[in-house]
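With the sequences and hints as input, model every part of the structure.
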Amino acid sequence: MPDLLLEFFSEEIPARMQARAAEDLRKLVTDKLVAAGLTYDGAKAFATPRRLALAVQGIPVRQPDVKEERKGPRVGAPENAIAGFLKAAGLKSIGEAKVQPDKKGDFYVALIEKPGRAAIEVIAEIVPEVIKTFPWPKSMRWGARKMKNVPTINAQGQSIPVVNEKGKTIPVVSDDWLSWVRPLHSIIAIFGPETEEPDIVKFEIEGIKSSDTTFGHRFMAPAQIKVRRFEDYVSKLEKAKVVLDAARRAEMIHADAKNLAFAQGFELVTDDGLLAEVAGLVEWPVVLMGEFDKAFLEIPGEVIRATIRTNQKCFVLRDPQTAKLVNKFIMVANIEASDGGKAIVAGCERVIRARLSDAKFFYETDLKTKLEDRLPKFEHIVFHEKLGTQKERIERIVRLAKELAPIVKADPKKAERAALLCKTDLLTEVVGEFPELQGLMGKYYAEAQGEDEAVAHACEDHYKPKGPDDLVPADPISVAVALADKIDILVGFWAIDEKPTGSKDPYALRRAALGVIRLIIANELRLSLAMAISVPFTAIRYEDERERRISNSMLMMAMRQRGADVETVRRFYRESGEFVHPSDFEEHVWAEFVSIANDLLSFFADRLKVQLREQGARHDLVDAVFALEGQDDLLMIVRRVEALGKFLDTDDGKNLLAGYKRATNIIRIEEKKDKKEYTGAPDPKLYNQAEEKELARTIDTAKAEASKSVAAEDFAAAMSAMAKLRPHVDAFFEKVTVNVDDKALRENRLKLLNEIRSATRAVADFSKIEG
Amino acid sequence: MTSELPAHMRPERSFQGLILTLQLFWADQGCVILQPYDMEVGAGTFHPATTLRALGPKPWKAAFVQPSRRPKDGRYGENPNRLQHYYQFQVILKPSPPDLQELYLKSLAAIGIDAKIHDIRFVEDDWESPTLGAWGLGWECWCDGMEVSQFTYFQQVAGVECAPVSGELTYGLERLAMYVQGVDNVFALNFNGREGAEKISYGDVFLQAEQEYSRHNFEFADTYMLFKQFAMAEEACKKYLAAGWADEKKTRHLMALPAYDQCIKASHVFNLLDARGVISVTERQSYILRVRELAKACGAAWLATAGGGTA
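Top line first, the protein sequences correspond to chains R and B.
Position one of the first sequence corresponds to residue 1 (the numbering used here), numbered consecutively onward.
Position one of the second sequence corresponds to residue 772 (the numbering used here), numbered consecutively onward.
These aren't lab readings, by the way, just hints derived from the structure by calculation.
You may find that some hints are simply not true.
[Stated by the list, open to error] Derived SDA-like pairs (lysine to any residue); straight-line CA-CA distance at most 25 Å:
#  : chain 1 : residue 1 : chain 2 : residue 2
1  : R       : Lys-342   : R       : Gln-312
2  : B       : Lys-1067  : R       : Arg-145
3  : R       : Lys-132   : B       : Pro-828
4  : R       : Lys-377   : B       : Pro-828
5  : B       : Lys-832   : R       : Arg-145
6  : R       : Lys-342   : B       : Val-894
7  : R       : Lys-377   : B       : Lys-832
8  : R       : Lys-241   : B       : Ala-880
9  : R       : Lys-391   : R       : Ala-448
10 : R       : Lys-391   : B       : Glu-1054
11 : R       : Lys-328   : B       : Ile-888
12 : R       : Lys-342   : B       : Gly-883
13 : R       : Lys-342   : B       : Arg-946
14 : R       : Lys-209   : B       : Ala-934
15 : R       : Lys-92    : R       : Arg-70
16 : R       : Lys-386   : B       : Lys-832
17 : B       : Lys-843   : B       : Glu-983
18 : R       : Lys-138   : B       : Ala-934
19 : R       : Lys-342   : B       : Tyr-875
The structure presented is a predicted model; accordingly, all values stated were derived computationally and were not measured.
Dropping the structure here:
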């Protein structure tokens, strides 16, 4: 069966787009082939800086034939109806049609056989369609719009329009103006079986006619090449100094770079991102080594690497013994230079020297200014229009880090210092030049000015964990600042109502929330999130320091007594001896806080669910725990979820859950029927069966025991207490009839069932548990 | 072409020799060789021969040197490659010819960059000028890892879709000269190609200016005057645009060029204010938008002139 080869030869395609474009090409073409009934054996796509190529194997020569029945008019219908049918169905006489009975009588039916079209014709339609609709991330037009029927100018300077046979002027039409990633120059489209000379799939687009020719390397083999089929194409390209496969180019670069480094006793610092990019910048990789002045090695290695990598797309090398960078670098050229690469190496070395002198100058300039002396500048830098300046944000981080310090067992003075300095490197020259070095430079500069080691590390580590796989800091100072940084950004964007929606999360708030969760769990921190939220919240809402302090303490107090109203909290505060002015704590701020805190807590719950689900835990158990009042301590929530999960795996757990569901079902049905709720306490005097009394007694003891265990944070014990309910619930259902005629008795029994529901709430909201 | 030149005129020997060679090359390609625009601009793209001529259907080929001022890039003459005043060599070809890359490579060969021993690369670089309401796709052109030119296919200028598309080449002349002369410090460039007592370096010509203008741009530029000038240029631009319409239906405009001068003026004044650090982050955006509005209106006016294709 024939194979198809396509190549789109253009000006240089951005490296970052090539892999995706090759995949898109494969999918678009093969999907359209399949949709046209042309199945295929295999397809592979390729990209170089100047070409996108696709090879599809084993396409049938023709589309399959299609048989179709067309229903015509009734037998005996008027002549013109029959004539119309014959024409539409392509029949010569009515004798060629079949007669089929229907409910309403006999009808003519034409059997139409559509022979499949030649694959090459179908492909000639598919490919231009793919070109026109190709999903480049950014595409462009070039040259002039192609016009048809453009008037010519005669010697007298008159415009002579194009006319048809009848002498009528044909209007000028412009084609759709093609967009491609960069100007497209030629197209290979050939189709044919392995053993024969293939045919050109003929089409024309933007003045480019499909052909069987392409061009070699821009500098080393620019001549035109005629190709026959895929293997021939690959080998001819290779002769013309083009390696078609990006993976192979990357392998070549990696292997040559490693060998070149090894030969001189060095080790290549591998960099997959850079490798992929460089493989997309060359058609014929030639690896060369250059060097720079040893004096530059005084600059931190990361700065050297960033300079050489970001600006020059070169690799750095290290000493395998010390793991320190050496004064060498690896560059990848696109040509085999006639001087063996001398000029290229010399040129590159010069550029890198200039870049490293800049970097060294930046680094040394940075060292001259103490980090804290940069702070005043933050006053003029807007963090976010609605959230004020960077200075205000840093102040909030400092405040929160100080509050969190005792909780994470950090020295409050050091936590405060680290928080104060942690963002200052953003104003240094090096970070200005290489934003990816933020944090790391802060650490270096902090160390250089003699800061405490933990403080210096926090400058770098407070950004962590940056993703689900990043390490979680363990040093208490880093933990305090990392939490403060992340909680502040979350509360800030919640306060101005710019929460993530759908796929939009421009401030990476989901990542921040997951970071908070991981910091808390990994370090086993006991932290009231509501308290933590209240600190930046009041700082955002109150400008005055005293107001802020009082309001803050009040919010904390209020949150500790969740459920308490403002008056209660105010009274509590007054009684504690602190003077509180009524305006210090306004109702609407309180309401806003409660709403933001609750919303943010449920955001944390969602992130926690995602996190636990990835670890294989049941997300419904997270809901069951979060549904209880005042759940803002993530560590306890996770512990409780774990205990609950284990409990539900036991027979006691399963049966208790079943009993719970049975009880709630009965209550729900009866409540609906009676249009009233059975929530009050049952009357012990009305118990008249032993099972009732037993159940009521065990509910009381189980509830008390579970609550006591929960208070002692022994969730396993709380679950065991709940387990004691099970035989009595079972016995109750076995022996006691709920829906008895005696109304008072029935109501009392329903209320007792409701007690099961309320008892289980001591450990979790069982209604949220699935199964 | 270059081999017949006396040594001191050759592109690799003198800064002016490089300029002359490029001019000769592009003149030979049919370009109009213009002289610099007589106003302060941040880049060659601001030259009306680029910005305005890129708009409308008429073909256009031009090349010129444009002194460019970037007040913020001043380093008091202390940095070996940053200048607040430097030269760009601009080529604009409309419509962009299919062999524009080859022409560009030939121009490099003309100034002595041999593609057999140098690694020349087209590295993605999308160009955007928020003040001009313009964008295009293209590359930075690298020679042995150094960026020596910008290569752009204009897609939109002054908020108007470009049809036909213009190809724009911008050579950073100092960088390129440093490369071909093998010099690490811009001020050490040989300007006139002579040696000994007759030699004039780039520093001889421009070092004092870099020191003085850096002082001016960062410390002394009269911000009171500049704020006024911005407002005045903006107002004048709008005034000329309004007065320039020849008819009620706004089919022909008679003062697009003078109006555009004021847009250029406003843009440069803004750059100076920015260098003086008196424009806050939020204000910055609004100034850029104000200049862009002027540029867009000038583009629209230009399209209603003969140069813009209105007969």
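For each hint, the structure was consulted:
About 17 Å separates the Cα atoms of Lys-342 (chain R) and Gln-312 (chain R), which keeps this hinted pair within 25 Å; it holds. Between Lys-1067 (chain B) and Arg-145 (chain R) the CA atoms are separated by roughly 23 Å; this keeps the pair inside 25 Å, and the hint holds. This hinted pair checks out: Lys-132 (chain R) and Pro-828 (chain B) have alpha carbons roughly 24 Å apart, not beyond 25 Å. This hinted pair does not check out: Lys-377 (chain R) and Pro-828 (chain B) have alpha carbons roughly 50 Å apart, beyond 25 Å.
Restraint check for Lys-832 (chain B) and Arg-145 (chain R): satisfied, since their Cα atoms lie roughly 17 Å apart, inside the 25 Å limit. The suggested pairing of Lys-342 (chain R) with Val-894 (chain B) holds, with an alpha-carbon distance near 22 Å, which does not exceed 25 Å. Between Lys-377 (chain R) and Lys-832 (chain B) the CA atoms are separated by roughly 48 Å; this puts the pair beyond 25 Å, and the hint is violated. Taking the CA atoms of Lys-241 (chain R) and Ala-880 (chain B), the gap is near 21 Å; set against the 25 Å cutoff, the hint holds.
With a C-alpha separation of about 23 Å, the suggested pairing of Lys-391 (chain R) with Ala-448 (chain R) holds against the 25 Å cut-off. Under the criterion of a C-alpha separation no larger than 25 Å, the hint pairing Lys-391 (chain R) with Glu-1054 (chain B) is consistent with the structure, at around 19 Å. For the hint linking Lys-328 (chain R) to Ile-888 (chain B), the alpha-carbon distance of about 21 Å falls within 25 Å, and the restraint holds. Of the supplied pair hints, the one linking Lys-342 (chain R) and Gly-883 (chain B) holds, its CA atoms being roughly 16 Å apart against a limit of 25 Å.
Proposed proximity of Lys-342 (chain R) and Arg-946 (chain B) is supported: the alpha carbons are some 20 Å apart, at most 25 Å. A C-alpha spacing of about 23 Å is found between Lys-209 (chain R) and Ala-934 (chain B), which places the hinted pair at or below 25 Å, so the restraint holds. Taking the CA atoms of Lys-92 (chain R) and Arg-70 (chain R), the gap is about 15 Å. The hint holds against a cut of 25 Å. At most 25 Å may separate the alpha-carbon atoms for a hinted pair to count; Lys-386 (chain R) and Lys-832 (chain B) exceed this at roughly 49 Å.
Only pairs whose Cα atoms come within 25 Å are accepted, and Lys-843 (chain B) paired with Glu-983 (chain B) is accepted, the gap being roughly 13 Å. Note on Lys-138 (chain R) and Ala-934 (chain B): the hinted pairing holds, with a Cα-Cα distance of about 18 Å set against a maximum of 25 Å. Annotation: proposed proximity of Lys-342 (chain R) to Tyr-875 (chain B) holds, straight-line Cα distance about 24 Å (limit 25 Å).
When the structure is compared with the earlier hints, violations turn up for hints 4, 7, 16 and for no others.
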